[in-house]
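Residues per chain are reported as follows:
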Amino acid sequence: MELEQINALSMEELLTKCEAVCLDFNFTTVREWKAENPGQKAMGFLPTYVPRELIHAAGMLPVGVLGADDSLEIVRGDACFQSYICHLPRSVVELGMTGRLDCIDGMLFPSTCDVIRNLSGIWKMQFPDKLSLYFDAPQNFDMDIGGKFYRVVLDEIWAHMLKLNGSTATNDDLLASIALYNLNRRLCAEVYDMRAARPWVATASEVYILMRAGMLLPVEQHNVYLARYLELAEAETKAGNRREMDNARVVISGSFCEQPPLALVRTLERAGCYVVEDDYMMITRWLGCGVPVEGDALHNLVQSYMDYKGESAAKFVPDGCKKGTELIGRIGSTNAEGVLFSAPSFCDPALLDQPMLQEALDRVGISHTAFKYSENTGQLQPIRERAGTFADTIKLWGEA
Amino acid sequence: MSLSIGIDAGSSAIKVAVVQQTGGSGHEATHAVLGAGQRRIRGRGFGEVLDAAMGEALEKAGVRRDEISYIATTGEAEGVEFRTGHFYSMTTHARGALFLDADSRAAMDIGALHGRVIKMDERGKVLGYRMTNQCASGSGQFLENISRYLGVTRDELGKLSMSGETPEKVSGICAVLAETDVINMVSRGISTANILKGIHISMGTRCLKLVKSAKATGVIMVTGGLAHDEGLIAAMEEISEEKKFGFDLRVHPDSVYAGAIGAGIWGLFRNEKLMERGGLATA
Numbered sequence: 003m004e005l006e007q008i009n010a011l012s013m014e015e016l017l018t019k020c021e022a023v024c025l026d027f028n029f030t031t032v033r034e035w036k037a038e039n040p041g042q043k044a045m046g047f048l049p050t051y052v053p054r055e056l057i058h059a060a061g062m063l064p065v066g067v068l069g070a071d072d073s074l075e076i077v078r079g080d081a082c083f084q085s086y087i088c089h090l091p092r093s094v095v096e097l098g099m100t101g102r103l104d105c106i107d108g109m110l111f112p113s114t115c116d117v118i119r120n121l122s123g124i125w126k127m128q129f130p131d132k133l134s135l136y137f138d139a140p141q142n143f144d145m146d147i148g149g150k151f152y153r154v155v156l157d158e159i160w161a162h163m164l165k166l167n168g169s170t171a172t173n174d175d176l177l178a179s180i181a182l183y184n185l186n187r188r189l190c191a192e193v194y195d196m197r198a199a200r201p202w203v204a205t206a207s208e209v210y211i212l213m214r215a216g217m218l219l220p221v222e223q224h225n226v227y228l229a230r231y232l233e234l235a236e237a238e239t240k241a242g243n244r245r246e247m248d249n250a251r252v253v254i255s256g257s258f259c260e261q262p263p264l265a266l267v268r269t270l271e272r273a274g275c276y277v278v279e280d281d282y283m284m285i286t287r288w289l290g291c292g293v294p295v296e297g298d299a300l301h302n303l304v305q306s307y308m309d310y311k312g313e314s315a316a317k318f319v320p321d322g323c324k325k326g327t328e329l330i331g332r333i334g335s336t337n338a339e340g341v342l343f344s345a346p347s348f349c350d351p352a353l354l355d356q357p358m359l360q361e362a363l364d365r366v367g368i369s370h371t372a373f374k375y376s377e378n379t380g381q382l383q384p385i386r387e388r389a390g391t392f393a394d395t396i397k398l399w400g401e402a
Numbered sequence: 302m303s304l305s306i307g308i309d310a311g312s313s314a315i316k317v318a319v320v321q322q323t324g325g326s327g328h329e330a331t332h333a334v335l336g337a338g339q340r341r342i343r344g345r346g347f348g349e350v351l352d353a354a355m356g357e358a359l360e361k362a363g364v365r366r367d368e369i370s371y372i373a374t375t376g377e378a379e380g381v382e383f384r385t386g387h388f389y390s391m392t393t394h395a396r397g398a399l400f401l402d403a404d405s406r407a408a409m410d411i412g413a414l415h416g417r418v419i420k421m422d423e424r425g426k427v428l429g430y431r432m433t434n435q436c437a438s439g440s441g442q443f444l445e446n447i448s449r450y451l452g453v454t455r456d457e458l459g460k461l462s463m464s465g466e467t468p469e470k471v472s473g474i475c476a477v478l479a480e481t482d483v484i485n486m487v488s489r490g491i492s493t494a495n496i497l498k499g500i501h502i503s504m505g506t507r508c509l510k511l512v513k514s515a516k517a518t519g520v521i522m523v524t525g526g527l528a529h530d531e532g533l534i535a536a537m538e539e540i541s542e543e544k545k546f547g548f549d550l551r552v553h554p555d556s557v558y559a560g561a562i563g564a565g566i567w568g569l570f571r572n573e574k575l576m577e578r579g580g581l582a583t584a
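Quick note, the sequences are listed as chains D and H, same order.
Start counting the first sequence at 3; every next residue gets the next number (our numbering).
Start counting the second sequence at 302; every next residue gets the next number (our numbering).
Heads up, some of the hints might be wrong.
[As the list claims (entries may be wrong)] Some chain D residues close to chain H (C-beta under 10 Å, calculated; not the full set):
no., residue
1, GLY297
2, ASP298
3, ALA389
4, THR391
[Unchecked claim] Beyond 10 Å from chain H on every Cβ pair, some chain D residues (computed):
no., residue
5, GLU6
6, LYS19
7, GLN141
8, ASN173
9, ARG245
10, GLU246
11, MET247
12, LEU300
13, ASP321
14, ASP350
15, MET358
Derived from the structure by calculation, the hints contain no laboratory data.
We put the CB at the ideal spot given by N, CA and C, even for glycine.
I would like the entire structure built from these sequences, with the hints used as guidance.
What follows is the structure in structure tokens.
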């Protein structure tokens with residue numbers, strides 16, 4: 003879609019378009035981009051974080067492969083993973099083996115967990131002709147140790163990106179991509195801030211759709227979508243179409259990798275929760291929006307990665323005593339009243355972290371509850387009950 | 302004093318109650334129900350049925366809509382756009398039961414689709430619950446289907462059932478099997494009264510099992526659409542006595558409105574809290 007056309011969209015049109023992009027598991031957006039950019043490649047990536055700037059600067063389209071929601075019957079994917087493994091790798095294999103990901107020329111598998119690591123091996127075996135890279139992000143945040151290691155990782159990935167697309171992109175091109183993604187993260191942050199301040203203006207399900215669409219859209223387009231959304235949300239509010247309801251303000255924690263179905267996010271809203279903060283699609287905030295755009299671009303990415311204070315269960319917290327401090331900080335900064343631990347079934351990182359985070363919340367008296375989901379969860383009634391009673395508990399028996 | 306509307310949308314009817322805070326504050330506040338109304342959905346549009354039920358409740362209360370401070374929804378009414386807030390149905394039935402009888406320590410909510418027992422404390426705080434799962438054989442919808450097969454109106458169900466002397470046993474596990482049982486009984490010439498009594502005993506047994514499993518004690522207020530099915534209540538009392546459960550089951554003329562009343566009361570509680578912090582934002 004042309005940028006001017008996005009700027010002419012109404013709120014309803016914008017959300018419909020973004021939802022269609024999110025739920026299109028034939029990756030039409032990617033196919034269209036490739037048709038408009040003959041010879042250029044598309045590079046897939048999995049959650050939680052990859053440096054999309056490297057893909058973009060090499061002239062390729064970064065494509066978030068976030069699974070297939072509940073729209074795909076998993077047959078081949080189940081053959082590759084034991085029953086105690088989460089759903090995301092199954093649907094990724096299914097998407098690949100049913101030809102839906104033919105438009106993807108390579109894949110980046112971040113070191114989110116062992117399952118994603120194993121998925122990278124399975125992918126290599128199933129698609130030997132396609133580039134498959136394991137993105138080994140450091141868990142040591144000392145610049146002299148983890149930083150040095152990470153620089154080597156980024157050098158290698160950058161070289162692979164240039165080779166895959168036959169690109170001669172320079173440091174300046176990479177700096178330009180960083181600037182573009184800085185803008186993207188800044189606009190995402192503005193949307194998140196709007197939701198935290200006035201969750202009835204930027205609702206959880208709208209923000210989810212908007213961010214998830216950004217995993218597939220070219221960043222230039224996504225930036226325009228984000229800016230347009232911010233503009234339209236304010237206009238809708240001024241027109242009296244959005245007003246505050248008496249809902250409980252909650253933070254979602256544990257959904258940083260396998261994404262929930264959209265219906266789950268809507269269920270939480272209907273159950274009386276304002277989601278003021280979440281860890282869906284963490285890539286939209288990783289590094290923040292101030293990565294330097296001068297000097298050595300790769301060094302800037304390394305330094306920003308080392309400095310970034312955001313946490314997820316996929317990131318090592320060196321001092322165990324501090325586990326949960328970052329979450330408590332986010333609860334405070336968003337004026338949240340409680341936490342919904344919402345982890346995918348069999349997500350080892352999230353479920354192993356959860357007791358430590360819950361303990362940290364208990365120490366400071368913050369309410370929490372927990373449920374599990376998978377990306378194809380269809381039975382939402384138990385989650386509705388859990389979220390509804392939790393919201394009631396906050397509103398009727400809490401401090402609020 | 303502040304006024305609220307509680308809207309309880311079930312799967313077969315919408316119930317509305319206009320509640321007034323008459324004194325006190327917070328969890329110690331006192332309330333009165335000024336008016337209530339209900340409408341069966343019967344395939345009509347949700348908005349149309351809601352308007353009619355609200356209109357009836359407001360008219361009975363002698364209150365204008367613009368005098369209402371908080372519109373509270375519960376049940377399936379979470380899609381009502383003009384609501385102020387939504388409460389989960391267990392929370393509202395518990396509070397409604399407590400309002401109807403201050404001695405209540407559990408609510409037995411038997412609606413069109415399921416039955417459940419909610420245990421609460423003296424403030425209406427939910428302490429635990431048990432509910433029927435998967436099968437509809439303990440629900441009002443099932444009873445409605447059966448009454449249709451037997452050619453009996455809902456109003457006749459209770460009296461007919463109570464006249465049954467040799468009730469026939471009906472499957473208490475599966476609605477499909479229970480319906481098959483009923484068809485067989487009709488062909489075997491079993492009287493309608495004995496069939497209905499058998500059904501009520503089967504449903505009552507299920508509901509009382511929930512009470513036991515929830516470890517509910519003290520007064521149990523029956524709420525929901527089936528609270529006024531005297532055949533079911535009589536059957537439960539008989540079973541409780543026969544098995545020496547010692548349950549104190551009670552029904553109130555406004556039992557069907559318990560969810561709506563509870564929503565209205567919680568709405569007023571929240572309204573007070575919201576006012577303390579300056580109310581809800583309008584933009």
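Results for each hint:
no.: 1; hint: GLY297; verdict: 44 Å, violated
no.: 2; hint: ASP298; verdict: 46 Å, violated
no.: 3; hint: ALA389; verdict: 9 Å, holds
no.: 4; hint: THR391; verdict: 5 Å, holds
no.: 5; hint: GLU6; verdict: 29 Å, holds
no.: 6; hint: LYS19; verdict: 24 Å, holds
no.: 7; hint: GLN141; verdict: 41 Å, holds
no.: 8; hint: ASN173; verdict: 47 Å, holds
no.: 9; hint: ARG245; verdict: 6 Å, violated
no.: 10; hint: GLU246; verdict: 4 Å, violated
no.: 11; hint: MET247; verdict: 6 Å, violated
no.: 12; hint: LEU300; verdict: 45 Å, holds
no.: 13; hint: ASP321; verdict: 37 Å, holds
no.: 14; hint: ASP350; verdict: 30 Å, holds
no.: 15; hint: MET358; verdict: 28 Å, holds
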